[in-house]
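Chemist: Protein sequences, first through last, are from chains A and B.
Residue 28 in the numbering used here sits at position 28 of the first sequence; the count goes up by one each step and never skips.
Residue 46 in the numbering used here sits at position 46 of the second sequence; the count goes up by one each step and never skips.
Treat the hints with care, as some may be off.
Stated by the list, open to error - The calculated lysine-lysine pairs, modelled on DSS-like cross-linking and capped at a C-alpha distance of 27 Å, are:
#: 1; chain 1: B; residue 1: Lys210; chain 2: A; residue 2: Lys196
#: 2; chain 1: A; residue 1: Lys354; chain 2: A; residue 2: Lys196
#: 3; chain 1: A; residue 1: Lys354; chain 2: A; residue 2: Lys192
#: 4; chain 1: A; residue 1: Lys196; chain 2: B; residue 2: Lys72
As the list claims (entries may be wrong) - Part of the chain A face toward chain B, derived, beta carbon under 10 Å:
#: 5; residue: Thr7
#: 6; residue: Ala70
#: 7; residue: Arg71
#: 8; residue: Glu73
#: 9; residue: Thr191
#: 10; residue: Pro333
To be verified - Computed, partial: chain A to chain B, Cβ under 8 Å:
#: 11; residue: Ser11
#: 12; residue: Leu23
#: 13; residue: Lys193
#: 14; residue: Leu194
#: 15; residue: Met199
#: 16; residue: Ala200
#: 17; residue: Arg238
#: 18; residue: Lys354
#: 19; residue: Arg356
Derived from the structure by calculation, the hints contain no laboratory data.
No residue lacks a Cβ here, since even glycine has one placed at the ideal position from N, Cα and C.
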Amino acid sequence: MSESGRTTRLSAIRQIALMRLRLFYREPGAMFWTFGFPLVLSFVLGIAFRNRGPEPVVVAVEAPADAPLARAEHAQAILADAKDVIAKRLSPPEAESALRTGRVSLVVVPTAGGYAYRFDPTRPESRLAHAVTDDLLQRGEGRRDTFRPELQTATARGARYIDFLVPGLIGFGLMSTGLWGIGFSLAEMRTKKLLKRLMATPMRRTDFLFSFLIVRAVLLFTELPPLLLFSRFVFDVRIEGSLVSLLIIALIGGLTFAVMGLLLASRAENPQVVSGLINVASFPMYLCSGVFFSSAKFPDAMQPFIRALPLTALNDALRAVMIEGASLGAVVPRLAVCGAWGIGCFVLALRLFKWR
Amino acid sequence: MNEPELAVRCRDLVKRYSDLAAVDGLDLDVRRGECFGLLGPNGAGKTTTVEILEGLLEPTSGEVEILGRRWKTDEAWLRQRLGVSLQETFLPERLTVREILALFRSLFETGRDVDSAIDLVALREKENARYAALSGGQRQRLAVACALVGDPKLLFLDEPTTGLDPQSRRMLWDVVLAFKKQGGSVVLTTHYMDEAERLCDRVGVVDHGKMIALGTPKELIDSLGGNQIVEITVGTDAEDVLAGLAEALRGVPGVQHARPQVGRVVLTVTELHVALPGVLGELRTRGLDLTNLSTHHATLEDVFVTLTGRALRE
């Protein structure tokens, strides 16, 4: 290629990239969804699921109107001495309703020989209430402990919900901005015949696509710091591994989803079609890939599929580095899954892309 | 390498969409330095033809040579030398005039600088305005500037002035005439006859994907056999009366053609003073009242109506 040809290409790539950047920062909506939304989400969820001190269990002691009160009063007296239990005396219908609506976790029913417990074993707080209450009543009625255990408590940083959430939000943000930022704007350019107009110039297709990916990479490095700084200073979320590893993972993830956006927009004639496709593609990952809760909660049979999703792979890698301090080498298998999606989508997009 | 004599040469061009032939065996030669106009009503196949010439559509069959080269083998070469303004383009709304022109300029190896392109279409005072804030006329001027910023040899304009105010139209005409004066070749489509008469050295009239007439505007008008058009209305709209009258008027000396149209009869006349007494005499013999009579010089519009029996913008 001639010297002037090379200069032209560089300046063309620069101008197309500038166009993308300008269109992005002049669109207030895009700015909010990219920068503001993750902060709002992390703030709201961080507040809602913040770690609280151990909460007392709430139980009801049933006091039938037609039965002697002695045992019920005795039980309540035993429970009243414990710091971590709140015991209310309720009539049977009241106790029933309180249990059903979750205001109490367990109902203690005095019987001739001791107590019956009524509770829902599928509720974790009920199982906890059962263990705590039974222990207190047994001791109160005279059971002796065989030894006095030594308690070693520790609250680990990195084990809180917000520590789990922030890497998930980073992954989710990379997916959204990649799919919407690239897919939607390409479909719009096609609808408005801007793509066709550009194809009537000497612009090279590769330069055009390359500019999109460059801008995506540049924006990525501007959208990560606000969330990382915000969660560091508001919730004390730290990055245990290296920042460079984190950025490399984010870059691979961001480009993968950008290319996926390219593929979803490769044929769509208008933004509505592409919105539908993006929703279809992103919804399963939104739910299953461990953004807001661990993907391990899904049945084992589904795990191979869930683990093969690009967002699951990206989130796993982000969490490994942020929470466990894993090295880049340790997350290569997860990055390979993500990268394979990227390369596959790119090959397909190049074949399917409708330029005119 | 010698510059080829023809800017555009196409033979037996066909473009089929399932069972519809948008272009149906069209031949076209545009000479270098010429402004060629494709005239025709909406849906005649003008835009399809132009987009094939621009290399944006694949023809179903037929040969196309642009500046002596073919799209298949010389696309990159051709793209550097063509300026294109599509029928409908929305440029990015949040970019300014200057930014858009800088973008288009960067895509070409050579061309004029952005400032001269801005001045060319008189958008200096809008150079920092966003596309969204431009009027229809300003947008169209910008579209033409984008087509000219790469210093093309051949310019394609698809309905460049449709829907524009008279001032913007005249402004764009001047830009096209200046481009031609510097040796550029132009292919434009329009359904405005005045535009074709003003700008085009030659015009081709297209209907149903075929070229039905070709020549300079003067040649086409002369082909009507007369240069005056006379429209008369008589007291009645009855079709048989008007048809009978038209039939009879064809025999009047000086009348070349006579056609009944809705509510009136249209005559093509060589010499008005010769034909008129005979026409009035015929009305009198038939006992018809002349309620209106108007005359004008023949235009391309009349050529089109005569060729197809339809008005251009129907």
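Chemist: Which of the stated hints cannot be reconciled with the structure, identified by number in ascending sequence?
Modeler: The structure conflicts with hints 6, 7, 8, 10, 17, 18, although it agrees with all the remaining ones.
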